[in-house]
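J.: Single-letter residue listing:
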Amino acid sequence: MDIIYSWFQQLNETTGINLPVFYNTFDRERFFSGLLVTIQLSVLSLIASVVIGVVGAWLQGSKLVWTRRIVQAYIQFFRNTPPLVQMYFFFFGLSALLPTVENEFGFQQPILGSFAWACISLSFFAGAFNVEIFRSGIEAVPETTREAAESLGYSRLGAYIHVILPLAFRVCLPALNNNLVNLVKTTTLAYAIAVPELLYVSGQIWSDYANVPEMMTLLLLIYVGLVGIVVLGMNRWERAMRLPGYGT
Amino acid sequence: MSGSSNRRQRLQDSLRSGTDLPVLLSPGSAVAGSRAGGRDALALPRVNLKAWHGVVLVLMVLLSAGVAEAQSGDGREGILSILIKWSPLLLQGFVFNLVISVMSMALGTISGAFLGLMQISLLPQVRFGSWFVTQFFRNAPWLVLLFYAMFMLPFQFQVAGVTIPFPDWVKAVIGLSLPVMANVSELVRGAVQSIPSGQWEAAESLAFTRRQQIWQIIMPQCVKRMLPPWMNLYAILTMATVLASIVGVNEVMTLADQVKAAEGGRTDLLAPLYGYILFLFFIYSYPIARLTVRLERRYAVKI
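Residue numbers (my numbering), protein chains in the order written: chain R, 865 to 1112; chain L, 4 to 306.
Rather than coming from a laboratory, the hints here were simulated on the basis of the structure.
Glycine residues also receive a C-beta, built at the ideal position from the N, C-alpha and C atoms.
Check before you lean on any hint, since a few could be wrong.
Stretches of chain L that chain R covers, calculated by requiring three or more beta carbons in the stretch to come under 8 Å of a beta carbon on chain R [to be verified]:
id: 1; segment: 49–62
id: 2; segment: 143–157
id: 3; segment: 237–246
Using the sequences provided together with the hints, build the complete structure.
T.: Structure follows, in structure tokens:
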């Protein structure tokens, strides 16, 4: 690793391409903690949004009219407002309503920090799309399959988990893939509520060193790489879960 | 109505599969939409606005204004009169948003069309290069691209001794046009690929040159298919213009914060103010979304 670090230092001395995130320990730690926060934010809201999607799609098939209506209202709200506004709404609007706790210095601080709120708002944002995606996947499972499961003594939940969801999942994987990529790209919005994620940390670094071009290029490459990893992983999963004889 | 047509579609599908008990039916609209775009892993979500969304927004503004007014007590100006007082400024900011959206859409469409045509070039190097550029800008977050344009472009140009200023909002236009360019490029490529190869072969057998094939045979058919997703892209871009407030362009979000500050930083103003802005965006985007749906239905390709 030291060879790489000294190479970047030399690069700075010879060409003026200044990337302190590689040769300066403090900046390296700060940058990689930002990268870690971005990855954490992505992974956590990815998982939470899929859970929201699965549960929401199940609730949408409920027999109770009001359950369906509430899920529908949730989808409409989160689909049709800009995610930035949602994040502001959660962070400035909702967090002010919650009680505060005392931290170790004796100050009052809100229960949930900006990271938690970013996570929550991103999960709800992507979850709204996921509900629709899962629902359309469920629509692809024929009524007869459901009836067959019922006649074998499955409950509604049991049939959903063991019969319908595995089939529906395979149908909606491409659309899910699409949405999760979008989610990873939307994590940059957490910048607006000062979550120390990659964009925010890079902002701090380029205001310290005035090396905007290098940092911006690095940032772009890292995001393209992150999205590439998600796309690759999802495509592999899609291929592994392919139903023989369906799709291309 | 859509339910019955769905059912008919299902019935047809099950008949085509030759059995009464198919393993899977054709998936619903959300999945079908992404499938139609050529199994596109990075397609943008569809803007899906309905008239009652507008009603809900108006109620939200009125209700939050009412609640705030009831809490604010006497001696302070009413929320609604504040909104009306600042409306000209906010509308001005909103028009600025629209100007940004139209300009970056124009810029993105022109450059994206060229990039898309390069993606169907016969030269492998050109094809690969433009494919790479397209994927790169599609995979990068919009906000990062906006920052990129903001910080990387100079604030003025010197051309032949004349100084051309390059204000923030022009840079925002360029920054927003980059993802638009990449998406338009993919639209062009997808549309060209959706044209049956028989069209190319028939044109070739009629002795059209390649340029003629593209401009006279293929592109006229593509325009129809590209129009609905292109309008959807525009609706998304319009909503993304508020991102410019993060990098300090004086558009409607920034102005809303300034209005809040001018009124003494009243936090009870936030909900009605943001609701008002959402409503402005709704009024503008709703006709576009409806038209998109209608055009999509009219131009639906029968295969």
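J.: Next step is simple, just say for each hint if it's right about the structure.
T.: Going through the hints against the structure:
1. Figure legend: the segment 49–62 of chain L, annotated as covered by chain R; annotation consistent (5 residues with Cβ-Cβ distances under 8 Å, at least 3 required).
2. Note: the segment 143–157 of chain L has 10 residues with beta-carbon separation from chain R under 8 Å; the three-residue rule is met and the coverage holds.
3. Only residues whose beta carbon comes within less than 8 Å of a beta carbon in chain R count, and the segment 237–246 of chain L has 4; three or more means the coverage holds.
Consistency with the previously given hints is maintained throughout, with no hint failing.
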